[in-house]
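Here are the chains, one letter per residue:
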Amino acid sequence: MSTLAYASAAELAARIRSRELSSVEIVEDLLTRLDRSLSLNAFITVTAEAARAQAKDADREIATGSYRGPLHGIPISLKDLIDTRGIRTTCGSRIRAEHVPTEDAAVTARLRDAGAVLLGKTALHEFAYGVTTNNPHFGATRNPWDPERIPGGSSGGSGAAVAAGLGPVSIGTDTGGSIRIPAALCGVVGLKPTYGRISRHGIFPLAWSLDHPGPLTRTVEDAALVLQAIAGPDARDAATLGHDLPDFTEALDHPVAGLRVGVVADEYHRETTGDVRTVFEEALRALGALGLHLEDVALPHAAESGIAQTTIIMSEAASVHERWLRERPEDYGAEVRARLRRGQFFSATQYLRAQKVRTLLAQEVGELFRRYAALVLPATPCVATLITQDTVVIGDHTSDVRSVLTRMTRFANFTGVPAITVPCGFGADGMPVGLQIAGRPWDEATVLALAHAYEGATPWHTRRPPEPAEASSAGH
Amino acid sequence: MATGPGDDLARMALLLGLRVPLDDLEQEAPQIRALLADQDKLQALPLDDREPAFIPWLPIGPSAGA
Numbered sequence: 002m003s004t005l006a007y008a009s010a011a012e013l014a015a016r017i018r019s020r021e022l023s024s025v026e027i028v029e030d031l032l033t034r035l036d037r038s039l040s041l042n043a044f045i046t047v048t049a050e051a052a053r054a055q056a057k058d059a060d061r062e063i064a065t066g067s068y069r070g071p072l073h074g075i076p077i078s079l080k081d082l083i084d085t086r087g088i089r090t091t092c093g094s095r096i097r098a099e100h101v102p103t104e105d106a107a108v109t110a111r112l113r114d115a116g117a118v119l120l121g122k123t124a125l126h127e128f129a130y131g132v133t134t135n136n137p138h139f140g141a142t143r144n145p146w147d148p149e150r151i152p153g154g155s156s157g158g159s160g161a162a163v164a165a166g167l168g169p170v171s172i173g174t175d176t177g178g179s180i181r182i183p184a185a186l187c188g189v190v191g192l193k194p195t196y197g198r199i200s201r202h203g204i205f206p207l208a209w210s211l212d213h214p215g216p217l218t219r220t221v222e223d224a225a226l227v228l229q230a231i232a233g234p235d236a237r238d239a240a241t242l243g244h245d246l247p248d249f250t251e252a253l254d255h256p257v258a259g260l261r262v263g264v265v266a267d268e269y270h271r272e273t274t275g276d277v278r279t280v281f282e283e284a285l286r287a288l289g290a291l292g293l294h295l296e297d298v299a300l301p302h303a304a305e306s307g308i309a310q311t312t313i314i315m316s317e318a319a320s321v322h323e324r325w326l327r328e329r330p331e332d333y334g335a336e337v338r339a340r341l342r343r344g345q346f347f348s349a350t351q352y353l354r355a356q357k358v359r360t361l362l363a364q365e366v367g368e369l370f371r372r373y374a375a376l377v378l379p380a381t382p383c384v385a386t387l388i389t390q391d392t393v394v395i396g397d398h399t400s401d402v403r404s405v406l407t408r409m410t411r412f413a414n415f416t417g418v419p420a421i422t423v424p425c426g427f428g429a430d431g432m433p434v435g436l437q438i439a440g441r442p443w444d445e446a447t448v449l450a451l452a453h454a455y456e457g458a459t460p461w462h463t464r465r466p467p468e469p470a471e472a473s474s475a476g477h
Numbered sequence: 038m039a040t041g042p043g044d045d046l047a048r049m050a051l052l053l054g055l056r057v058p059l060d061d062l063e064q065e066a067p068q069i070r071a072l073l074a075d076q077d078k079l080q081a082l083p084l085d086d087r088e089p090a091f092i093p094w095l096p097i098g099p100s101a102g103a
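Taken in sequence, the protein lines are chains R and W. First residue of the first sequence: 2, per the numbering used here; consecutive thereafter. First residue of the second sequence: 38, per the numbering used here; consecutive thereafter.
Isolated chain W, as found in the complex (with noise of 0.2 angstroms):
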C-alpha cells in the first residue's frame, strides 16, 4: 500500500490532526525518521526512578562544594 517515502509519516500526521502537504512531508522524511530513530538512544539510560525536569534547578547551591 505504501508507495512514497512520506507515505507512513502521512498517516502519522493524520493521527495527530496535522495538516501537512505531502510534498513537504516526503522532503521531510528523512530528517523526520532520524530525529525519531535517536530517541532509541535515550531507551538505554536509568531513567525509571527519575521524574521530568521541567525547570532545570540543580541539587546544589553556591555555598556546596570547593
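Excised from the complex, chain R in its bound form (with noise of 0.2 angstroms):
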C-alpha cells in the first residue's frame, strides 16, 4: 500500500503547500492505485489525463506563489449525477449514458476554483434512487471491507472509493441517507449539511425538497475543509440564499464538555441489530466521557414522517422522470422503474399532506433543538448486507434493504438539518458501523466540533480495510 493512499487531504495540503510533495506525486499514486481497485467498481468515469493536466497546473500555480488553500492540488471525485463540463455525466443510466453538459455544476465550478484536481465521476445508485448501488447499467459497486457486500448508497461508488484509498474526497448527494449510507457502511465519514448550505445547481434532481449535496471523507477534518469550500449563496438555487458562511475549520476544536445532546431512543430507532445497537452504546460511553450530557428522546411520529417522506420522494422523482417514463421507460432499470411508476399514483392532495406533515415534524424537531444542541443515533440500524441480499431481519421483522437502511437517516433530510456520520466501530463480520450526529439548521460548526472530538477520542477512523483483489472490470 502508498503512503499516500490513506493520507487525509489537510494532511497532504501541507506537504504540498511545503513542496515536499507535487499534486502530481499524488494523482500518479492514486491513478495507479484505481487501476487495482477496479474490482470494486467503485468509478464510472476516471478522467486520468484532465487529472494529470490538472495536478500540473496545480503545481505551476503554486510553485509561483498562487497557492489557492487548502484543496489545492488535492485529488477529488464526484458522483456521477454532479455535472462536469466536457466529462460524461451518467447518473448511472442507460438514459444519460452519452450525456456531457456543456456547464459545471456549482459544486464543481467551487471545486475547480480551489485547485482541486478531479480524479473521476463515481458509482452510483441509477439516478440515486436507492441505496444498495447494485447498478443494472454500470454492475455493482463493492464494499472495500468484503467484495460480496453493498457499499450502500445512492452515493456508492464514493463511500466505496474513499474508504479504498482512492481519493480523500468524494462528492455525493443525499436524499434520504445517501451520504451517510455508504459512508457508515464503509467506515468513512459523510456529511449531510443543512439544506441550502450547498448548491444543488447543476445536480440531477432525485428529489427537489429533500436533496443536499455534501461531502464524504476520511476524517472530520477533511470533511469540514471541503464544507468551506463548496457552500455558499448562489443565486441558482435560491434556498442558499440568506445565510452567514461560518469558519468550519475553526468550529472544529470548539469546546464540546457540558453541551446537551439528545440520544434518539424511540421505539421506531431503537430497532437496530444487537451488533449495532452495542457498538452505539460503547459510543455513547465515549461522547459521555468527553463531558456531554446524554439524555435520551423522541424523535416524534417517526413512523408517520417516514411514510409521508417516501410520498414526497416518490411523487418528485415521479415529477423529474415524468417524460423519460412515458417515452422510454425500457431504458430504465426494473427496480428504478417500478419504483417511479408507484410514485405516479400519488394525488397532489396526498403530496402537499405530506409537506404539511413535514412542517409538523419540523416544528417537534425543533421544539427538541430549543433543549438539546445535538441528536445522536446510529446511522444504519444494520451493518451492509450482501449484494444478494433484498431483506433484512431485525427482532421479529423482515423488512427490505431499502427501507431499512433509510431508518435513521431520512429524518434529517425531512427536517432539513445537518448530520454527520463518523466510524464507530465494528459490527458483524467485522463490518463498519456509523455514529450520527445530527445538528440545529445551520449549525453544521456544532455537528462538526461534537464529530471531531468524538474521533479524536477514539481509532476507528484509523482502521482499514484490505486491499482489494486486482481485477479487470466493465464500466470504465
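Hints are computed from structural coordinates only; laboratory data are not their basis. Only true hints are included.
Incomplete in silico selection of chain W near chain R, CB under 7 angstroms:
| # | residue |
| --- | --- |
| 1 | Glu-65 |
| 2 | Ile-69 |
| 3 | Gln-76 |
| 4 | Lys-78 |
| 5 | Leu-82 |
| 6 | Arg-87 |
Ideal Cβ placement from N, Cα and C applies to all residues, glycine included.
Hey, can you piece these two chains together into the complex? The hints should help.
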C-alpha cells in the first residue's frame, strides 16, 4: 500500500504547500492504485489525463506562489450525477449514459476554483434512487471491507472510493441518507449539511425538496475543509441565499464538554441489530467521557414522517422522470422503473399533506433542538448487507433493505437539519458501523465539533479495509 | 366487472393519463395499494392549521437553546 493512499486532504495539503510533495506525485500514485482497485467498481469514469493536466497546473501555480488554499492540488471525485463540463455525467443510467454537460455544477465549479483535481466520477444507484448501488447498467459496486457486500448508496462509489484510499474526498448527494449510509457502511465520514448550505445547481435531482450535496471523507477535518470550499450562496439555488458562512475549520476545536445531547431512543429508532446496538452503546460511553450530558429523547411521529417522506420522494421523482418514463420506460432498470411508476399514483392532495407533515415534524424537532445542541443515533440499523440480499431481519421483523437502511437517516432530510456520520466501531462480520450526529439547522459548526471530538477520542477512523483483489472490471 | 388485481389501478392510470402496461400494473398492485393505504395513517395527525413546508427550514437558529 502506498503511503499516500490513506493520507487525509489536510495532511496532503500541508505537504503540497511546503512543496515536499507535488500534486502530480499524488495523482500518479492514486491513479495506479485506482487501476489496481477496479474490482470494486467504484468509478464510472476515470479522468486520468485531465487529472494529470490539472495536477501539473496546480503544481505550477503553487510554485509561483499562487497557493489557493487547502484543496489546491488535492484529488477528489464526484458522484456521477454532478455535472462536469466536457465530461460525461451518466446518473448511473442508460438514459444519460452519453450525456456530456456543457457547464459545471456549482459544486464542481467551486472545487475547480479551489484548485482541486478531479480523478473521476463515482458510481451510484441508478438516478440515485436506491441505497445498494447494485446498478443494472454499470454493475454492482463493492464494499472494500467485504466485496460480497454493498457499499450502501446511493453514493456507493463515493463511499467505496474514499474507504479504499482512492482519493481523500468525494462529493455525494443525500435525499434519504445517500451520503451517510455509504459512509457508515464503508467506515468513513459523511456529512449532509443543512438544506440550502450547498447549491444543488447542476446536480441531477432525485427529489428537489430533499436533495442535499455534501462530502465523504476519511476525517472530520477534511469534511470541514471541503464544506468550506463548496458551501455558500448561489443565486441559481434560492435555498442557499441569505445565510452567513461560518469558519467550519475553526469550529472543529470548539469545546463540547457540557453540551446537552439527545440520544434518540424512541421505539422506531431503537430497532437495530444487536451488534449495531452494542457498538452504539459503546460510542455513547465515549461521548459521555467527553463531558456531554446525554439524555434519551424521542423523535415524534417517526413512522408517520417516514410515510410522508416516502410520498414526497416518490412524487417528486415521478415528476422529474415524467417524460422519460412515458417515452422510454424500457431504458430504466426494473427496480427504479417500478419505483418511479408507483410514485405516479399519488395525488396532489396526498403530496401536499405529506409536506404539511413536514411542517409539523420540523416544528416538533425544532422544539427538541431548543433543549439539545445535537441528537445522536446509529447511522444505519445494521451493517452492510450482501449484494444478493433483498431483506433484513431485525427482531421479529423482516423488511426490505432500502427501508431498513434509510430508517435512521431520513428524518434529517425531512427536516433539513445537518447530520454527519463518523466511524464508531465494527459489527457483525467485521463490518463498519457509523455514529450519526444531527444538529440545529445551519449549525454544522457544532455537529463538526462533536464529531471531531469523538473522532479524536476513538481509533475507528484509523482502521483500513483489506487491499482489493486486482481484477479488471466492466464499466470503465 | 373487475377481473384482475390491477383493474382498479388500470382505471386509475387511465384517469391520470398514465401509460402503464397492464402486466406491470398487476405486478405493482400490492405495493401501490400498500403505499396508498399508508396515507390513511397521516389523517390522524394535527395538520389542519399547517401549511406545506416545501423547504424544510426550522423556526430555530444556532444561537437558541443550550
